[in-house]
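Visitor: The primary structure of each chain is shown beneath.
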Amino acid sequence: MSRTRGAVAAGVLLTLAMPLAACTKTAEAPDASTPAPLTAVLPDRTKEQNIDLGRQHRTALEFYQALRKEANNGRPLQWSQLPDWSGVYSRPANAGFAFDPDQKPGEGPTAKLTPEYQAKLIKRVEDVKKGIEWDPISTCAPPGHPRWLTEPFLREFIVTPNQTWLINEMVNDVRRIYTDGRDHVPAEDRYPIPNGDSIGFWDGPKLVIHTNQLQSGIYQRQHPDYTDQVETVEIWRKADDKTLSVDVWVYDPPALAEPWYVKQSYIKLSDPDRSLRIRYWNCGENQNNAVVQTKEGGTQFRGFTFDKGADAQKGKR
Amino acid sequence: MIRAFTTAVLALGALAITAVPSLAHHSATMFDDKKTITVEGVVKKFEYTNPHSWLWVDVTGKDGKVTTWGFEAEGPTTLQRSGIRPSDFKVGTKLTITGNPMKDGKPAAIWVDAVRADGKKFNPRAGFAIK
Chain A
1 MSRTRGAVAA GVLLTLAMPL AACTKTAEAP DASTPAPLTA VLPDRTKEQN IDLGRQHRTA
61 LEFYQALRKE ANNGRPLQWS QLPDWSGVYS RPANAGFAFD PDQKPGEGPT AKLTPEYQAK
121 LIKRVEDVKK GIEWDPISTC APPGHPRWLT EPFLREFIVT PNQTWLINEM VNDVRRIYTD
181 GRDHVPAEDR YPIPNGDSIG FWDGPKLVIH TNQLQSGIYQ RQHPDYTDQV ETVEIWRKAD
241 DKTLSVDVWV YDPPALAEPW YVKQSYIKLS DPDRSLRIRY WNCGENQNNA VVQTKEGGTQ
301 FRGFTFDKGA DAQKGKR
Chain B
318 MIRAFTTAVL ALGALAITAV PSLAHHSATM FDDKKTITVE GVVKKFEYTN PHSWLWVDVT
378 GKDGKVTTWG FEAEGPTTLQ RSGIRPSDFK VGTKLTITGN PMKDGKPAAI WVDAVRADGK
438 KFNPRAGFAI K
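First to last, the protein sequences are chains A and B.
Sequential numbering of the first sequence, starting at 1, is according to the numbering used here.
Sequential numbering of the second sequence, starting at 318, is according to the numbering used here.
Hints are computed from structural coordinates only; laboratory data are not their basis.
Accuracy of the hints is not assured; some may be wrong.
[As the list claims (entries may be wrong)] Facing chain B, from chain A, some residues (calculated, C-beta under 10 Å):
hint, residue
1, T46
2, N50
3, I51
4, W79
5, F97
6, E107
7, C140
8, P152
This structure is a prediction, so every number in the text was calculated from the model and none was measured.
Built from N, CA and C at the ideal position, the CB exists for glycine as well.
Sequences are here, hints too, so could you generate the full structure?
Guide: Printed below as a string of structure tokens:
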């Protein structure tokens, strides 16, 4: 090898080695622009601690404000620090659709109800034993929050610094959580809406949410009613690579004798061929799904049909 | 061909909730979860729709009369998670299908499982399993 050739070869090797050295250096010592991992001030608490914590506060708003104080007001999320909530998730439904995943099979909901709402629940359960049951979402009304937490369909969660979107496939349902520091709608201008008004703050990787301005509904079938005074506090976080875990406290003085604490989980679905897609959910597209409430209060199909005229009426309920 | 079965009733306490076939969106109390019915027939139509899908099956009785049975399941993405796609049940597909029938005797049921003539099995409830 000539001296010139040797110099060229050495230069090529040096050129190839420099990016490699740079990569090695990067791997060993993160660049100064690499964001530090998000850390939370709020501790992870046991179920018993969370139940007790909810009882310490008279209202959901007081509780939310206490969490905010404990978290030193939280910290705005940066685009460079977004937690990875990507993927398609669903709520485990192996044990049914109970609001409290810890509800035992065959037993009633775990809420501590006021006498009036306990009596309503007993009647509802007794009616079901007689075959009488009507679900308010039967005519394609949205489930609304907090029932929103229980539906067993596909979900996506979109995190940005100023808003987080919590999406449920069912009836194209999106909860928008504002984390830009805005307050709720003034009390005098509030009106009941299915998913209410949600504001929140980030405590490191944890999203803390307060929701008010909700509409009355039911937590699920064979579950209690909630009133339009219902409010919730939630703490969302990624528990592991596949699990979004949510502590939920429900306050509803007319119906709940004390706040109802439940822990929800949403599991990231395996999707190796990337075939899972949330599609537009047209609840009225098939006339054969139309049900009506009977005189007794039960549920019955309107009638089945396949003729072309009926098909042309798709979407008209 | 139609076969009917009766299953055991769950023993429940006074305040215990009642076991009802679970369908999201509307109550399933019009169906009898204590009975199953199995029919053999051919697919008339597969409505792959929200909030529920319907598999309609033409069943020929001993007298030669054709009755169309409807089998209700969850919507498209839950069926997809069960491995059930629109192309699995083209019009004319032969199958044996089982469900919880309606209490009032109408030819409709909650779809529990199905076996196509080629032996492939389909369980629409599997779509709620987390995988």
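Visitor: Each hint: holds or not?
Guide: Quick rundown of the hints versus the structure:
Residue-level restraint check for A:T46 is violated (minimum Cβ-Cβ distance to chain B is 24 Å; threshold 10 Å). Taken as an interface hint, A:N50 does not check out: its beta carbon lies about 24 Å from the nearest beta carbon of chain B, beyond 10 Å. Interface hint at A:I51: violated, since its Cβ lies 21 Å from the closest Cβ of chain B, which is beyond the 10 Å cut-off. Annotation: A:W79 was flagged as interfacial toward chain B, and the flag is violated, the nearest CB pair being 31 Å apart, outside 10 Å.
A cut of 10 Å between beta carbons decides the hint on A:F97: the least distance to chain B is about 6 Å, and the hint holds. Annotation: A:E107 was flagged as interfacial toward chain B, and the flag holds, the nearest CB pair being 6 Å apart, inside 10 Å. The restraint placing A:C140 at the interface with chain B holds, with a minimum CB-CB distance near 7 Å, inside the 10 Å limit. Given the 10 Å rule on beta carbons, the hint for A:P152 holds: about 5 Å separates it from the nearest Cβ of chain B.
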